[in-house]
Amino acid sequence: METRELRYFVAVAEELHFGRAAQRLGMAQPPLSRAIQRLERRLGVTLFDRTNRTIALTEAGTVLLREGRAALDAVAAAERRTRRAVPGRPGLVLVTKAGATGELLSKLLDAYAAEPGAATVDVLLCQPGEQERLLRDGRADVALLHRPFDSTTGLEAEELYTEGQAAVLPAAHPLTDRPHLRTADVAALPGLPLPRWPGPGGTYPPGPGPEVRDHAQLLQLIALGRASAILPDSCRSHLDPGLAAVPVLDAAPVTTVIAWPPHSRSLPLAALIRIALRLGSEHGSAALVRGG
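The numbering of the sequence shown is full-length UniProt numbering, which starts it at 1 and goes up by one.
Hints listed in this document are in silico derivations from the structure and should not be mistaken for laboratory results. Heads up, a few of these hints could be off.
[What the hints assert, rightly or not] Straight-line C-alpha distance at most 25 angstroms; calculated DMTMM-like pairs for lysine to aspartate or glutamate:
| hint | residue 1 | residue 2 |
| --- | --- | --- |
| 1 | K107 | E159 |
| 2 | K107 | D240 |
| 3 | K107 | D250 |
| 4 | K107 | E40 |
| 5 | K107 | E156 |
| 6 | K107 | D73 |
| 7 | K107 | D122 |
| 8 | K107 | D233 |
| 9 | K107 | E163 |
| 10 | K107 | E158 |
What you are looking at is a predicted structure, and each value in this text was computed from that prediction instead of being measured.
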């Protein structure tokens with residue numbers, strides 16, 4: 001199959017309408033229909049169930065849609081990484097979630113910049129859940145991710161440190177006097193619902209909590225007494241005086257990892273990873289000391 005054929009197929013599969021798909025592709029409908037028919041004949045399968053009024057994906061079409069999207073994403077990622085590999089201008093693009101890993105990121109950038117021959121590092125700060133996509137589609141060379149929230153399937157990754165989570169509440173709230181809480185305590189707080197983050201496609205799940213897009217917005221809502229949140233313990237380092245954090249005993253531990261595409265042979269990336277592992281080990285040791 002050619003990438004052109006895959007793009008044709010994915011457009012029709014997503015639109016489920018040849019006319020709309022042709023318009024999206026900037027071509028006439030008859031040659032698009034013929035291209036799909038040729039693809040079906042060559043594969044020996046039926047990709048669409050067609051009637052006079054509707055079309056629907058067959059089981060084979062559903063498989064090709066999933067695999068075709070992945071293949072097109074891989075091609076686009078290869079193109080982006082190739083264009084960035086300009087001789088004489090080595091550089092890295094690091095992506096991380098805005099408001100997270102701030103202390104580690106600052107130390108990492110400073111320590112790497114002090115290395116002989118260090119490359120330029122451009123930092124992309126994104127919304128939660130976006131850093132994994134930016135790394136996979138070739139817009140970034142390396143990412144700081146957080147398990148279990150982010151997936152590292154198909155990526156190379158090294159664990160930096162693991163930490164617990166804490167409930168972030170308005171400083172004057174009565175529960176801030178407790179030594180610890182449980183997730184059920186936080187979920188049941190009247191007037192302080194947990195936030196709703198955007199999912200795939202930017203849509204929010206249903207629920208009573210406020211819709212938030214970044215940590216700065218969330219922390220402001222908590223200070224105003226409109227929300228609560230359960231965040232990694234490291235959030236304590238940048239809480240305003242109007243906020244307080246209480247450990248949550250049964251919240252899942254969060255592991256910060258550094259991740260990069262497989263088969264990378266970038267020497268600047270290797271140096272950055274080496275420094276991140278050292279700093280992650282130091283961060284984890286310091287956290288153990290602080291925890292007593």
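Hints, one by one, checked against the model:
1. Proposed proximity of K107 and E159 is supported: the alpha carbons are some 17 angstroms apart, at most 25 angstroms.
2. Distance hint between K107 and D240 is fulfilled; the C-alpha atoms sit about 21 angstroms from each other, no more than 25 angstroms.
3. Among the hinted pairs, K107 with D250 is inconsistent with the structure: their alpha-carbon atoms are about 30 angstroms apart, more than 25 angstroms.
4. Straight-line distance between C-alpha atoms of K107 and E40 comes to about 54 angstroms, which puts the hinted pair past the 25 angstroms bound.
5. Between the alpha carbons of K107 and E156 the distance comes to roughly 22 angstroms, so the proposed pair stays at or under 25 angstroms and holds.
6. Restraint check for K107 and D73: the C-alpha separation of about 32 angstroms exceeds 25 angstroms, so the hint is violated.
7. With a C-alpha separation of about 15 angstroms, the suggested pairing of K107 with D122 holds against the 25 angstroms cut-off.
8. Between the alpha carbons of K107 and D233 the distance comes to roughly 18 angstroms, so the proposed pair stays at or under 25 angstroms and holds.
9. Between K107 and E163, the direct Cα distance comes to roughly 18 angstroms. Compliance with the 25 angstroms bound is thereby established for this hinted pair.
10. Restraint check: the Cα-Cα separation between K107 and E158 comes to about 17 angstroms, which is no more than 25 angstroms; the hinted pair holds.
When held up to the earlier numbered hints, the structure conflicts with 3, 4 and 6 and fits the remainder.
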